[in-house]
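Peer 1: Here the protein sequences line up with chains S and R, keeping their order. All residue numbers for the first sequence refer to this note's numbering, where the first residue is 1 and numbers rise by one. All residue numbers for the second sequence refer to this note's numbering, where the first residue is 1 and numbers rise by one.
Fair warning: there could be bad hints in the mix.
[As the list claims (entries may be wrong)] Within a straight-line C-alpha distance of at most 25 Å, the following computed DSS-like cross-link-like pairs (lysine-lysine) qualify:
#1 R:LYS17 x S:LYS271
#2 S:LYS17 x R:LYS271
#3 R:LYS275 x S:LYS13
#4 R:LYS187 x R:LYS166
#5 R:LYS286 x S:LYS164
#6 R:LYS167 x S:LYS493
#7 R:LYS77 x S:LYS121
#8 R:LYS277 x S:LYS166
#9 R:LYS166 x S:LYS277
#10 R:LYS316 x S:LYS17
#11 S:LYS166 x R:LYS284
#12 S:LYS77 x R:LYS77
#13 R:LYS171 x S:LYS277
#14 S:LYS457 x S:LYS258
#15 R:LYS286 x S:LYS163
#16 S:LYS228 x R:LYS429
#17 S:LYS120 x R:LYS77
#18 S:LYS77 x R:LYS120
#19 S:LYS167 x R:LYS482
#20 R:LYS429 x S:LYS232
#21 R:LYS277 x S:LYS171
#22 R:LYS188 x R:LYS120
#23 R:LYS275 x S:LYS167
#24 R:LYS171 x S:LYS493
#25 S:LYS77 x S:LYS125
#26 R:LYS286 x S:LYS166
#27 S:LYS164 x S:LYS17
#28 S:LYS10 x S:LYS164
#29 R:LYS277 x S:LYS17
[Stated by the list, open to error] Anything over 10 Å on all C-beta distances counts as not near chain S; from chain R, calculated:
#30 GLN158
#31 LYS164
#32 TYR186
#33 ASN201
#34 ALA256
Read the hints as simulated data drawn from the structure, not as lab findings. Here the structure is a predicted model, which is why all the values come from computation and not from measurement. All C-beta atoms, glycine included, are put in the ideal place defined by N, C-alpha and C.
Number of protein chains: 2
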Amino acid sequence: MLKDVTLGKKFSKENLKKIMDASLGDELGQVQRDCRDAGMPIIILIEGWRHSRRSEILGMLMQNMDARGFRVYSAAKFCDELLGKTFFAPFWQQLPFPGGIAVYRHSWYYLKNSAEINGKKSMVKPTTFEHINAFEKQLIDGHYCLLKFFIHISEETQKDNIKKSKKILGKAWKEIHSIYTEEGDYKKFFKRYDEMLEATNTKEAPWRVIDGEDLQNAQLDLYTTVVKELRKALVAFKLDQGTKKPATGQSLVPIADKPLSKVNLSLTISKEDYKNKLEEYQAKLKVLQARALEAGLSTIIAFEGWDAGGKGGAIKRLTNALDPLSYQVNPTSAPNAVEKQYQYMWRFWVNMPRRGEMAIFDRTWYGRVMVERVEHFTADVDWQRAYAEINETEKQWYDDDVAIAKFWLQIDKDEQEKRFKEREADPNKEWKITDEDWRNRGKWDDYEVAVNEMITKTSTSYAPWTIVEAINKEFARIKVLKTVTELLEARLK
Amino acid sequence: MLKDVTLGKKFSKENLKKIMDASLGDELGQVQRDCRDAGMPIIILIEGWRHSRRSEILGMLMQNMDARGFRVYSAAKFCDELLGKTFFAPFWQQLPFPGGIAVYRHSWYYLKNSAEINGKKSMVKPTTFEHINAFEKQLIDGHYCLLKFFIHISEETQKDNIKKSKKILGKAWKEIHSIYTEEGDYKKFFKRYDEMLEATNTKEAPWRVIDGEDLQNAQLDLYTTVVKELRKALVAFKLDQGTKKPATGQSLVPIADKPLSKVNLSLTISKEDYKNKLEEYQAKLKVLQARALEAGLSTIIAFEGWDAGGKGGAIKRLTNALDPLSYQVNPTSAPNAVEKQYQYMWRFWVNMPRRGEMAIFDRTWYGRVMVERVEHFTADVDWQRAYAEINETEKQWYDDDVAIAKFWLQIDKDEQEKRFKEREADPNKEWKITDEDWRNRGKWDDYEVAVNEMITKTSTSYAPWTIVEAINKEFARIKVLKTVTELLEARLK
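So that you can see chain S by itself, here it is in the shape it has in the complex (with noise of 0.2 Å):
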């Protein structure tokens, strides 16, 4: 894309005249109000060569904003903490609220680029286009404006401005190291930037190449074409908002396959096997969890299943094994008043283990294909492609260092409605059980009907569903045991 932008072309003397004049400001200051009464979030990144003066062209971009509902961020300042939770993480946890915006300096590809050049000194993998491209369409479909920017100058005003900056600073001035450099490597950094602009500039978030060679100009170009996107984004915004079909739960392409028809539900184990094998693979897991931690190798285990199919208790031996300061259990239940306020996947990706530990998930983002399916609660279009969306984002985590293991804790209907009572008729057991299980019971066929399409669709090399045979809760506890360990032994090879 670079190649094809001749530098050096003006706004007229008349426009440049309008950067000084209040009426500017003002625009940029109706058009955010109204993306924040229409709870439009918004995301704009500038990347763009280093010295290109990004601070001021920026600057007055946000001079003109209301400081009310902005943040600027830079992913050359994440701390290593949240770059450990993986390429995507930071962002996603950054995502901005309903009408809020978030300002990017630095951003993915920045984050991706600085990877590549430091190599093994970054704490994170470099990531690749194929990911940004879907992690951008996530954030799209998921009704975010993404308003993209890269500030482009010439070899000669890159040198200028560095000059410039040393005079205004004098002593205080300092190359900031964390950062790569790009001097004395103008053209192999064209390369690497034409190359990122082509292969990622979709037609749902095109780039947008602002001349720097003039600061004012620069700052016009990008302040107007701002007010100009936002203003097309939020017809846009308004007008989806205003076409949800009614959800119907129907699949678009049923599947032929039903997996949890093919489970023998009669398997058991004795005591005395039970006994043995807990304490074989919990010792095993006390060892593996320790290397793991030295390996940087970090594990995301997901627990699905029927009510009262077992997923507390095969937790429970689980953890039993591990050192509480390296896991965390993040139970699941319907969203609450924060997290309904972002995409979906925002309240998984904040509870992402640290690198090396592990994040066991009590019901997980598979709630969009079950219960937002069955329920309506979810427009078709939504979770039909939530599945795509879904392998995306565990192949990311695959791809950095993450070990993935899926449990469906299967059980009959019967064995739920024995269990159901016993907890009825248990005191310290009756809170378990509420009208809402009875409900969801009700609805075991669809519940069925959604299983089955999801584990389906959602079996990856990189992130395999396990099918659990969980009548015999003994049987259940050790197979998971042995699964995570297993899992774990071959990643660690």
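Let chain S serve as the given structure and place chain R on it in line with the hints.
Peer 2: Frame of chain S, contents of chain R only:
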């Protein structure tokens, strides 16, 4: 405190048997659910000797808790960014929700010890016992339940435990080098811990020493103490919720001094002078910002003042000089649904500047003693206590290399009416004026009493108020710029 402890006492065999009894887990589950229902937030910290098997002692507690609503933290794992926000900021940021539980295996006590032992290598400066006691008192006065445990073992047991741990983990065992070692220094650390416990064993937040010589014994002791103390705390919590006196907004100790009445509102500056000074101070500030970043001096700038007093314009002239990546404007309005769940200072703590950066607050924590007092939003006892709490907090910031400027923008009643009407007449500004502004204006005299008291009681040597004569907007802007510039120059000397 440690001197008085005779180690090695044991529970009877009968009691120890209970540890395997399922009813124990039910007890904790029940009190945990009761605390959740009542909305009591809980902080449990487990300090103690290294190799006192805290993982296992804590693990047993966690195994018997409902994963819903508790998080385990370790100050040994805080990233530099979090630590750079001053000593107590990470703990504030992690405050539990009502009904939630935060468990610290390494708490502020560890962080203080570690900062002292690591000296200049540490990202935080060690705090004082006074600050710790004040911090804990603020939490307790804010209705957080705080339980502090210290796991105590003898030198022999420590040596034994290291041996055992090496045996279990085999090759996977390694000393965690980021945590200071106590090996070979038992006596020295005994003295350190003993003094620490003595100095912070307050009536509000007493220490509980757990005898860690025998693992099961310690597990049972911790478990039963937590159950007992939570039950006690819950009774007090509910009692306190039920006995709030109606708010009156009246001061307990009215003050004679009226700083607002001494302001000379006729001060002005010429256009020419304004232009020159603006340029001069903005240029200075640019350099000072770079120097502050280099030196690690953070800045907090608090703006308060009458509605339409010109805060926005003053902030704009300030930020105009700054690199957008190194400052953040935090507008404060009525707390939202999430913010209401926490102690009132929480939302300001989470917006602390990163090390060397600047946080500008457009309205501040002083809302506690202004709008919350005048509008009777807060019980008298709570806002009356806030003067001392705010002074303590600002002292904590100051001691942590934060420069603090606080501005009150003073206009008179006539000027405010003029500005309100001007705004209403301008289509680009009318959104700034709401019915609430007119309502607040009706309580001018009540606010005046509150502001006079606030300025008098919270003007300290480390965080003085600057009253800005703001009828002439240009004069006000220059005074703000000059004050910030001089503050930074003084602190950077």
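Peer 1: For every hint, state whether the structure bears it out.
Peer 2: Hint check:
1. R:LYS17 x S:LYS271: holds, 21 Å
2. S:LYS17 x R:LYS271: holds, 21 Å
3. R:LYS275 x S:LYS13: At roughly 24 Å apart (the allowed maximum being 25 Å), S:LYS13 and R:LYS275 satisfy the hint.
4. R:LYS187 x R:LYS166: It holds: about 23 Å lies between the C-alpha atoms, which stays within 25 Å.
5. R:LYS286 x S:LYS164: holds, 14 Å
6. R:LYS167 x S:LYS493: Holds, at about 22 Å.
7. R:LYS77 x S:LYS121: It holds: about 20 Å lies between the C-alpha atoms, which stays within 25 Å.
8. R:LYS277 x S:LYS166: holds, 23 Å
9. R:LYS166 x S:LYS277: Satisfied, since the Cα-Cα distance of roughly 23 Å is no more than 25 Å.
10. R:LYS316 x S:LYS17: holds, 20 Å
11. S:LYS166 x R:LYS284: At roughly 15 Å apart (the allowed maximum being 25 Å), R:LYS284 and S:LYS166 satisfy the hint.
12. S:LYS77 x R:LYS77: holds, 18 Å
13. R:LYS171 x S:LYS277: holds, 22 Å
14. S:LYS457 x S:LYS258: holds, 11 Å
15. R:LYS286 x S:LYS163: With Cα atoms ~17 Å apart, R:LYS286 and S:LYS163 stay inside 25 Å; holds.
16. S:LYS228 x R:LYS429: holds, 21 Å
17. S:LYS120 x R:LYS77: Roughly 22 Å between the alpha carbons, so the hint for S:LYS120 and R:LYS77 holds.
18. S:LYS77 x R:LYS120: Within the cut-off at roughly 22 Å; holds.
19. S:LYS167 x R:LYS482: holds, 23 Å
20. R:LYS429 x S:LYS232: holds, 24 Å
21. R:LYS277 x S:LYS171: holds, 23 Å
22. R:LYS188 x R:LYS120: holds, 21 Å
23. R:LYS275 x S:LYS167: Holds: R:LYS275 and S:LYS167 sit about 22 Å apart, inside 25 Å.
24. R:LYS171 x S:LYS493: Satisfied, since the Cα-Cα distance of roughly 15 Å is no more than 25 Å.
25. S:LYS77 x S:LYS125: holds, 16 Å
26. R:LYS286 x S:LYS166: Holds - the C-alpha atoms of S:LYS166 and R:LYS286 are around 12 Å apart, at most 25 Å.
27. S:LYS164 x S:LYS17: Holds, at roughly 24 Å.
28. S:LYS10 x S:LYS164: holds, 21 Å
29. R:LYS277 x S:LYS17: Holds, at about 24 Å.
30. GLN158: holds, 18 Å
31. LYS164: Non-interface label stands for R:LYS164: nearest chain S Cβ at 13 Å, farther than 10 Å.
32. TYR186: The claim stands: R:TYR186 keeps its Cβ more than 10 Å from every Cβ of chain S (closest is about 23 Å).
33. ASN201: Nearest chain S Cβ is 26 Å from R:ASN201, so the label holds.
34. ALA256: holds, 38 Å
Checked against the numbered hints given earlier, the structure satisfies every one of them.
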